[in-house]
Amino acid sequence: MSDRLHVATRKGLFTLERRGAGAWAIARTSFLGDPVTAVLDDGRDGTLYAALNLGHFGVKLRRSADEGRSWDDLDHPAFPQVPAGGLDATPAPPSVSQIWSLEAGGTKEKGKLWAGTIPGGLFVSTDRGSSFGLVESLWDRPERTKWFGGGYDEPGIHSVCVDPRDARNVVVGVSCGGVWVTENGGESWECRARGMFAAYMPPERRDDPVIQDPHRVAQCPAAPDVLWVQHHNGVFRSVDRGRQWEEIPTVKPSVFGFAVVAHPRDADTAWLVPAVKDECRVPVEGKVVVARTRDGGKTWETLRRGLPQEHAYDLVYRHALDVDGSGQRLAMGSTTGGLWISEDAGDAWSLVSANLPPVYQVRFS
Amino acid sequence: MPRVRFTPNLERHVSADAAEVPGATVREALESVFGENPRLRSYVLDDQGRLRRHVMVFIDGNQVHDRDRLSDSVGATSELFVMQALSGG
Numbered sequence: 001m002s003d004r005l006h007v008a009t010r011k012g013l014f015t016l017e018r019r020g021a022g023a024w025a026i027a028r029t030s031f032l033g034d035p036v037t038a039v040l041d042d043g044r045d046g047t048l049y050a051a052l053n054l055g056h057f058g059v060k061l062r063r064s065a066d067e068g069r070s071w072d073d074l075d076h077p078a079f080p081q082v083p084a085g086g087l088d089a090t091p092a093p094p095s096v097s098q099i100w101s102l103e104a105g106g107t108k109e110k111g112k113l114w115a116g117t118i119p120g121g122l123f124v125s126t127d128r129g130s131s132f133g134l135v136e137s138l139w140d141r142p143e144r145t146k147w148f149g150g151g152y153d154e155p156g157i158h159s160v161c162v163d164p165r166d167a168r169n170v171v172v173g174v175s176c177g178g179v180w181v182t183e184n185g186g187e188s189w190e191c192r193a194r195g196m197f198a199a200y201m202p203p204e205r206r207d208d209p210v211i212q213d214p215h216r217v218a219q220c221p222a223a224p225d226v227l228w229v230q231h232h233n234g235v236f237r238s239v240d241r242g243r244q245w246e247e248i249p250t251v252k253p254s255v256f257g258f259a260v261v262a263h264p265r266d267a268d269t270a271w272l273v274p275a276v277k278d279e280c281r282v283p284v285e286g287k288v289v290v291a292r293t294r295d296g297g298k299t300w301e302t303l304r305r306g307l308p309q310e311h312a313y314d315l316v317y318r319h320a321l322d323v324d325g326s327g328q329r330l331a332m333g334s335t336t337g338g339l340w341i342s343e344d345a346g347d348a349w350s351l352v353s354a355n356l357p358p359v360y361q362v363r364f365s
Numbered sequence: 001m002p003r004v005r006f007t008p009n010l011e012r013h014v015s016a017d018a019a020e021v022p023g024a025t026v027r028e029a030l031e032s033v034f035g036e037n038p039r040l041r042s043y044v045l046d047d048q049g050r051l052r053r054h055v056m057v058f059i060d061g062n063q064v065h066d067r068d069r070l071s072d073s074v075g076a077t078s079e080l081f082v083m084q085a086l087s088g089g
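Here the protein sequences come in this chain order: A and W. Numbering-wise (this note's numbering), the first sequence opens with residue 1 and increments by one. Numbering-wise (this note's numbering), the second sequence opens with residue 1 and increments by one.
FYI, nobody ran anything at the bench for these hints, they're computed from the structure. Bear in mind that the values here come from a model prediction, so they are computed numbers and not experimental data. Think of the CB as a built atom: it goes at the ideal place given N, C-alpha and C, for glycine as much as any other residue. Fair warning: there could be bad hints in the mix.
[What the hints assert, rightly or not] Computed far set for chain A versus chain W, every beta-carbon distance over 10 angstroms: (1) G55; (2) V59; (3) D240.
[Claimed, not checked] Non-contacting residues of chain W with respect to chain A, defined by C-beta distances greater than 12 angstroms in every case (computed): (4) M1; (5) R3; (6) H13; (7) A19; (8) E20; (9) A24; (10) D46; (11) F58; (12) D60; (13) G61; (14) F81; (15) A85.
[To be verified] Computed from the model, here is a short list of chain A residues facing chain W with C-beta under 8 angstroms: (16) L54; (17) G58; (18) A78; (19) P93; (20) P94; (21) S95.
When you get a sec, could you build the whole thing from the sequences and use the hints?
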């Protein structure tokens with residue numbers, strides 16, 4: 001079980017430690033005042049990474065070899081500079097405006113990192129983040145020009161799932177651009193979104209794989225062919241690594257939301273945090289709840305013990321729900337600065353803080 | 001030589017000392033600074049070498065026109081000031 005949790009927020013990175021049963025406390029604060037959009041605690045070598053978005057001064061990537069006591073300022077993932085004269089092109093040449101996901105490569109790929117960004121660039125590093133290269137095989141796909149922004153002005157890659165059995169198998173989620181899969185370490189890619197649909201689109205584009213908006217893709221580590229997606233239009237599940245998706249319409253109290261996590265060992269168990277709907281992004285009836293299935297999505301429990309049940313308007317962003325390696329401990333952070341932890345797979349939750357900055361990501365180490 | 005100064009707000013993140021540097025355009029002057037202080041570049045310019053959207057550069061109190069190529073002329077005694085636009089909450 002994990003006794004440490006990183007919480008990336010709009011105004012800093014907070015690292016919590018467990019001091020006893022249900023007792024978690026902030027042990028370290030980093031980057032206070034600065035937006036931290038992603039955090040990665042790399043279990044392969046203990047390195048900690050934090051992606052910042054300083055607003056005026058742009059995207060930054062920081063690395064710590066001493067658990068956050070000190071940080072190195074790295075070159076952030078960046079698009080290749082266009083030749084002189086290319087700046088007038090339409091669309092304008094790209095520049096990374098946010099690092100939206102940071103993931104470790106396979107256990108045997110020491111130092112390999114994946115970074116998903118807005119506007120839609122996937123980057124890879126093989127030297128612990130000291131340098132990154134654009135994955136051109138995905139960026140150069142002609143379908144990429146059909147991607148569009150959802151929530152942000154430009155499309156973005158928010159999910160990168162590396163297959164624990166074979167790290168050449170990588171699943172990428174794009175808002176709004178579908179789910180993309182490589183089986184050869186990124187040499188080539190296939191869009192796998194068959195079965196997903198977007199009822200809000202013009203009818204002729206409803207089923208178009210490359211415009212789907214998977215808000216978050218979660219992979220079961222013990223059964224990596226099982227994928228869960230909280231989509232803008234509902235919840236979907238695949239048991240064949242994205243070749244076919246099945247709608248899961250049974251989620252209570254709603255099928256809209258952003259976050260989803262998969263149980264580390266049980267392919268039939270997953271958790272979601274439902275909200276009303278896309279044009280009203282608050283908990284249903286002002287009650288914060290977590291939805292849990294233990295039967296592959298056929299039925300759902302509504303978990304609410306310890307969570308605010310009156311006039312609560314906390315939204316949980318796509319990276320702000322996490323489960324540890326045991327499947328027992330969950331953490332959840334909200335846009336209004338609430339942070340809750342469960343130590344019994346979501347049956348009961350404890351409030352850790354109601355006063356954090358808006359939470360972008362929670363992540364167990 | 002023109003003198004380049006940076007908003008003190010940058011000091012929270014990166015060293016940004018004022019410097020007198022060679023350069024006949026904003027690009028040339030900034031590149032001279034970045035040549036000495038490469039970490040500073042990505043705080044001011046984006047991936048394509050354009051001014052970041054919320055960064056402003058003044059030449060003797062006047063806002064630069066060319067934010068992409070940074071071709072505005074700089075006089076031998078000009079003062080450039082690099083600052084952040086005001087935004088956020």
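Practice prompt. Check each numbered hint against the structure and report the violated ones by number, ascending.
Written response: Structure breaks hints 1, 2, 6, 10, 15.
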